[in-house]
Amino acid sequence: MAASETSNGTALRYAFGNVLSFFILLLIGVLAFSIRLFSVIKYESVIHEFDPYFNYRVTQYLTKNGIYDFWNWFDDRTWYPLGRVIGGTVYPGLTLTAGTLYWILNSLNIPLSVETVCVFTAPIFSAFASWATYLLTKEVKGAGAGLTAAVLLAMVPSYISRSVAGSYDNEAVAIFALIFTFFLYIKTLNTGSLFYATLNAIAYFYMVCSWGGYTFIINLIPMHVLLCIVTGRYSSRLYIAYAPLVVLGTLLASLVPVVGFNAVLTSEHFGSFLVFIIIHVVALVYYIKGILSPKMFKVAVTLVVSIGLVVCCAVIAVLVALVASSPTKGWSGRSLSLLDPTYASKYIPIIASVSEHQPPTWPSYFMDINVLAFLVPAGIIACFSPLSDASSFVVLYIVTSVYFSGVMVRLMLVLAPAACIMSGIALSASFDVFTRSIKFQLPGVKGNSQVDAGDTSSEGVVAQNEVAKTYKNEEALKERPSKKNRKKEKEHVEKPSVKAQIKKRLLVLPFEASIIAILLLVLLGAFYVVHSVWAAAEAYSAPSIVLTSYSHDGLHVFDDFREAYSWLSHNTEVDDKVASWWDYGYQTTAMANRTVIVDNNTWNNTHIATVGTAMSSPEKAAWEIFDSLDVKYVLVVFGGLVGYPSDDINKFLWMVRIGGGVFPHIKEPDYLRDGQYRIDSQATPTMLNCLMYKLSYYRFVETDGKAFDRVRRTEIGKKHFKLTHFEEVFTTHHWMVRIYKLKPQKNRIRGKAKKSRSKASSTTSTKRSETQRKNPWH
Amino acid sequence: MEAQLSVRAILLLSLLPLLSLLARSSSVSHDIQIVNAERRIDLTSHIVKVFLTLKVENIGSSPVSDIYLAFPPTQVDHLALVKAAATVGKRKKKSYLPLGVNPTELPDAPNGTKYFSVSLVNPLSAGETLTIEVLYILTHSLEPFPVEISQSESQLVYYHDSAIILSPYDIKKQTTFLKTPSTKLESFTKVEPTNRAGTELKYGPYENQSPHSFSPVIVHFENNNPFAVVEELVREVEISHWGNLQITEHYKLMHAGARHKGVFSRVEYQSKPSFSGVSSFKNLLARLPPGVHSAYYRDEIGNISSSHLRTDPWKSELEIEPRYPLFGGWKSTFIIGYGLPLQDFLFESPDGRRYLNFSFGCPLVETVADKLTIKVVLPEGSKDPSAVVPFPVEQHLETKYSYLDIVGRTVVVLEKRNVVPEHNSPFQVYYTFNQVFMLAEPLMLASVFFFLFVTYVAYLHIDLSIRK
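Taken in order, these protein sequences are the chains called A and B. First residue of the first sequence? That's -2 in this note's numbering, and the numbers climb one at a time after it. First residue of the second sequence? That's 9 in this note's numbering, and the numbers climb one at a time after it.
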C-alpha cells in the first residue's frame, strides 16, 4: 500500500520534472535563437561578412535552378578566366539545409525570401545545437548537467560570433552536426544499439556535408576508441559504436563531391582506419579468449604475437607507402598548420594572411568563453568521479579542442561546446553537492533525508536551478514501472550513477559555506550571462558591410560598400570584369553580380599573386596585367578619409608578399623603408608609384588640402599626381570604395605600331594623337 | 540613333505644311473655326506641359458636338495625357466643365496626323462660340544635346514643336509661349514675329493660318532639372481585412537626361556642388497617403539608410536618397513599402460589395513612369473583382499565394504606360467578400496543432514493442 503510494508520488514528480525540463529546453531554444537577433534589431536583416555572401549566392542558385543544376554548376562569374566548379568544391550542407527550409516554407505558401531564410538559418541551428548539447551531456552526466550545458551553449560568445542572424556560414550548421554526431556516438557507446550507430553515420555524413572540420570527428572518435582499448575498457558496445561509423561514414563521406576519394586517400583519415584495424584485432583477441581455456589462450597469444608483428610491419609499410603516394603528400595546408602553428606563416602567405587563421591571444579566450575557462577544470575533475566511457570522451574532446583552439583562432568554435559541456557538468555537480549539504542540515527534513535525500531536495532546488531536480528524474527514471520507461530508458542500466550518488550523499559541507558557495556560483552565472549578452549585442552583431559610428550629432551610418556594389550592378555592363583584392570577391559577385578575378575561395595562388602583382606594380605594368585579364574596372577599398582601418593600404603588404611569392620581381624590401611600412614622405619610390597607392590616394589631397590619412595618422608622401591608364569612375560617399576604369588603349597608326612601341617618347605620342584627330578612320 | 530619328522627324515635319496644302482634309467639319488660340508650353521640368486655350466658333449652319485636336505623330507617342474643359460662365463666376477626350481616327489624315476628339456636353449650335481649355502632357520630349556631358557641364536639351498650332481648323489668331527653366537659351528657330523676354519665348501672333499648317521650330536651352524616369514601377496593394493595407512598390529608376561621360570625381562633386553635376539628382520625394506606418526603403542587397519620413494628419512625405547620386544614364532600383490603415481606403458600396479606393500613379514627385503596374491583391476568398479607373488601362487577373493560402488570392492587375503625376487620381476596385474567410487560416493553424497533440497523445498510448 505504502509502496504504491510512494511510487505514485515519484511517478507524478517524475512526470512534472519531465514537463518542466521540456519547457526549459524550449526556453533554451528561444534564448539561443533570440540572443542572436541583436544584429537584425540593431542593424537589419542582411547577410554578414564575406563568406556568407557566397553561401547566399549558392543558395539562390540552388533554389532557382534545382539540385541537379547545382551539382553541375560551373561558375563563370568568378576566377576569370578560369571559373570555378561550385558543385564539386563547396561543402553543400549549409546550402542544402537552407534550400530545404526555403522549399518547405514555400510549399506551405509562406513566401519568405531566400535571404530571410539564410539570415535566420544560423539562429535556428544554434537552438538545435543547444538541444544537442543537452542530449550529449545528459548521456555523459545526467539531465541536470545537460540542461546547464545547454543554457551555457545557448549563449556562449564564441559560438554567437559565428551564428548571429545573418552570419550564414558553414559553422552555423556544422556545430550542431558536430555535437549531434558526438551525442549519437556516446548514445551508441552507452546502449550498444546498431540503430544509433547507423544514425551516427548519417549525422557524420551531414557533418561532412557541412564543414571541413569533420576531420576533427574522424580523428577524435578513433582517439577515444584507442583510449578505451588501451585502458582496458573494450566492450562490444565500443565495437558497435565505432566499426559501423567508419564503414558507413567513409562510404557516405565519399559521396560528397568536395571530399570524394579524399575520404580514403588523405592522411587526415588514416588514423581512423588504423584504429579500425586495431579494434578488430582486439575484438578477435577477446573472442578467442572467450572460447579458449586460459592455458590454450597463452599458447595462442605467443603464436599470434609473433605472426602479428610481421603482419603489423607489413600493414605499416603499406600505410606509409599510401601516405607518400597520396595526391596531397599527406596533409593539406590548413591541417598542417594545425599541427605545426608556424607552418603556414612560413610557407603559405595566403593562409597566414587570413586573420582567423592566426593563433588567438589570451584575452580572446576570456572574451569568447569567459567564465567557462575557469569552470572547465572543475568539469574535468567531475568527469573523473567516476570515469565512464562517455565522460572519458568529453575529457578527450576538451583536451584536443583546447590544443586546436590555441593554433587557430577560428577553432575556438570547436572548443566552445566542449567548454560548455564541461562547465555544465561542473556547475551541475557543485550545485548538487551544495544543495544536498543544505538539505542534509535543514532541521525539518533531517530525518527524511537519510532515506530519500535525493527526492526531498527537489522543491528547494527548483527555485535555484533546474539542475538538481532533473538529476533526480534520472534516478526516478529507473524505478518507474511503466512500459514506456522500460522501452526508452533501459539503456541507462549501464550507468554507473547509483553507486556514485550514494557516495556523494556522504559529502556534506557546512551549511553557511554551501549557501555562500551557491550565491557565488549564481553570481558567476550572472556574470557570464551579462557578458554573453553584451558580446552578442555589441561585439559580434556588426554585419561589417555597413558600419556605424556614434558622434556628437548621433548615429552615423557608413554604407559605402553597398553603395559601390549597387553602382557596379546598375551602371556597368553585365559581363564586365572587376578586379579587386580577393577579400571583396564574394561580395562583388553576390551583390554587384559582376565577374571577378579572384575571390575568398583562395584556391589558385598564382591567380591571386597576379592580382597582387598588378596592385604592387607601377601604373603601366598594372594596366597591362589587368588588360590581359580583360579587366574593365578596378575596385580598391580606402579608409583614409574616415579612418576605416581594414582597407587595402593596410592589407597591401600581403599583396606584395603573395605577389612576390610567385613573381620574383616584386620584392618586399622595395616597399619598406628600413623594414618599416610607411606611406608618408619617407616611403620608398616603389611604394609611392605602385598602383594601390595611386588608386587609393588619387586626388585625396583635394579633400583637406594636406592629404592627411586618418588610418595611418600621417600625411601621405606623394600628393599631386595624375593617372594615365586609369580613370576614376566612381567613389563612394565616404571614399571607402573607389572604382577605376581602365582607359582603352590608344589607337595605333597602321604600320607604325612596332616603331612607336620601341621608342615611346612623348613626341611620338602627341604626333600620333594629332594624326588621329585629323583622320580618325585611319 | 535617337538623334537620327529626330532628324528624320524634323524633315518629315517640315514637309508637312507643303503636303497639307495639297491634301486638304475633308472629313473634319469646316463649320468650325478657331477665333483665338493661345498655347503655353511649360518646359521647366522634363515633363512638358502644354496649356492650350481655344476659342471656337461655329460658323456653319448645323450644330457641332465634336471638336478635334490634331497632333503630329512624333508627339502622339510621347503624349501622356490630354484633358479638356469647357469654360462656363462669365469672368467672375467662371468655372470649368470637364469634357471627354478620346483618340479618334480620321480618314485621310495628312502625314499620319493623329486626332483626339473633344466631345462637347451641349453641341455647339450655329454662330455660338465656346472657350475650351486643353492640357496635354508630353514625356521624353526634351532631347539632350549634347547627348553626353561630363560632370562639370550643364545639361542642354532640344525641344521640337511647331510654331503654328497644328489643327484641322482655320485659326484666325494664335500665339505660343514657351517657358524655359533658366535664361540660358542656346538657340531657337525664328519664325517672325518671335520675341524673347527672360525665361519666356513668344511665337506669334500669327494670323489666318489654314488647317494643318505646320512650322517646325527647335529650341535649344539649358535644363538642369532632374530627369527622373521610373522605367518600371510595380505597386502591389495587399488588402487584409484584419485592418491593414500593405503597399510594396518596386522601382527601376533612371536618369533620362544627357548621359554622363568619363570621370566621376567625388571630390569635385562634394566640394563644388554649384557647378559639378548640376543635372544629377540625389534625392527624391515620395508623397504617400496620410497615416503611413512601418515604412521601409531598401533594395535587393539590403536597407538603404538615407531616408526621412515626415508624417502629419494630412499627408506623409518620404524623402529618399538612392545609394548614389544619379547622373545621366545611371540607373538604380529600390523598393518602398508601407502600411496604411484599412478604414481610410476600403469602403462598402450600397449594393453590399466592398471597394478599395486608392490613388493611381507614381508617388514620386515630378517623375515619369514609363510602365506602371498596379496589383491589387484581394483577400483570399473574394469574388467578382472589377476595377474602375478614370482613364484607359490594361487589366487582367492573376492568382497569388501568400501566407498559408490554399485557394490563392485574386490579384487585379492594372497596367498603364507613360504615367505622369497628373494621373494620381483615385481608382476603385470592387469585390465581394465573405467575412467567414477571415477565420480560415487561424482555424487551419489551430486544427493542425490540435491534431499534432492528438497524435502525440495517441502515440503515448500505443505500444509497438515486439516482445511483451
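Hints were generated in silico from the structure; no laboratory data involved. Where hints are given, some of them may not hold.
[Said to hold, decoys possible] Quick list of in silico lysine-lysine cross-link-like pairs, DSS-like style, CA-CA up to 25 Å:
{"no.": "1", "chain 1": "A", "residue 1": "Lys719", "chain 2": "B", "residue 2": "Lys379"}
{"no.": "2", "chain 1": "A", "residue 1": "Lys719", "chain 2": "B", "residue 2": "Lys280"}
{"no.": "3", "chain 1": "B", "residue 1": "Lys424", "chain 2": "B", "residue 2": "Lys57"}
{"no.": "4", "chain 1": "B", "residue 1": "Lys192", "chain 2": "A", "residue 2": "Lys617"}
{"no.": "5", "chain 1": "B", "residue 1": "Lys98", "chain 2": "B", "residue 2": "Lys63"}
{"no.": "6", "chain 1": "B", "residue 1": "Lys424", "chain 2": "B", "residue 2": "Lys379"}
{"no.": "7", "chain 1": "B", "residue 1": "Lys122", "chain 2": "B", "residue 2": "Lys91"}
{"no.": "8", "chain 1": "B", "residue 1": "Lys260", "chain 2": "B", "residue 2": "Lys408"}
{"no.": "9", "chain 1": "A", "residue 1": "Lys61", "chain 2": "B", "residue 2": "Lys383"}
{"no.": "10", "chain 1": "B", "residue 1": "Lys63", "chain 2": "B", "residue 2": "Lys210"}
{"no.": "11", "chain 1": "A", "residue 1": "Lys738", "chain 2": "B", "residue 2": "Lys63"}
{"no.": "12", "chain 1": "A", "residue 1": "Lys740", "chain 2": "B", "residue 2": "Lys379"}
{"no.": "13", "chain 1": "A", "residue 1": "Lys716", "chain 2": "B", "residue 2": "Lys280"}
{"no.": "14", "chain 1": "A", "residue 1": "Lys61", "chain 2": "B", "residue 2": "Lys181"}
{"no.": "15", "chain 1": "A", "residue 1": "Lys740", "chain 2": "B", "residue 2": "Lys339"}
{"no.": "16", "chain 1": "A", "residue 1": "Lys738", "chain 2": "B", "residue 2": "Lys57"}
{"no.": "17", "chain 1": "B", "residue 1": "Lys260", "chain 2": "B", "residue 2": "Lys98"}
{"no.": "18", "chain 1": "B", "residue 1": "Lys280", "chain 2": "A", "residue 2": "Lys715"}
{"no.": "19", "chain 1": "A", "residue 1": "Lys716", "chain 2": "A", "residue 2": "Lys740"}
{"no.": "20", "chain 1": "A", "residue 1": "Lys738", "chain 2": "B", "residue 2": "Lys102"}
{"no.": "21", "chain 1": "B", "residue 1": "Lys122", "chain 2": "B", "residue 2": "Lys100"}
{"no.": "22", "chain 1": "A", "residue 1": "Lys743", "chain 2": "A", "residue 2": "Lys617"}
{"no.": "23", "chain 1": "A", "residue 1": "Lys743", "chain 2": "B", "residue 2": "Lys269"}
{"no.": "24", "chain 1": "A", "residue 1": "Lys738", "chain 2": "B", "residue 2": "Lys269"}
{"no.": "25", "chain 1": "B", "residue 1": "Lys424", "chain 2": "A", "residue 2": "Lys61"}
{"no.": "26", "chain 1": "B", "residue 1": "Lys192", "chain 2": "B", "residue 2": "Lys290"}
{"no.": "27", "chain 1": "B", "residue 1": "Lys91", "chain 2": "B", "residue 2": "Lys187"}
{"no.": "28", "chain 1": "B", "residue 1": "Lys290", "chain 2": "B", "residue 2": "Lys280"}
{"no.": "29", "chain 1": "B", "residue 1": "Lys280", "chain 2": "A", "residue 2": "Lys703"}
{"no.": "30", "chain 1": "B", "residue 1": "Lys192", "chain 2": "B", "residue 2": "Lys102"}
{"no.": "31", "chain 1": "B", "residue 1": "Lys57", "chain 2": "B", "residue 2": "Lys210"}
{"no.": "32", "chain 1": "A", "residue 1": "Lys617", "chain 2": "A", "residue 2": "Lys716"}
[Claimed, not checked] Where chain A lies over chain B, by a calculated footprint (3+ residues, C-beta under 8 Å):
{"no.": "33", "stretch": "117 to 126"}
{"no.": "34", "stretch": "182 to 191"}
The beta-carbon is built from N, C-alpha and C at its ideal position, and this holds for glycine as well.
If any of the earlier hints don't hold here, list their numbers in rising order.
Per hint list: 1, 4, 11, 12, 14, 16, 17, 20, 21, 25, 30, 33 and 34 violated.
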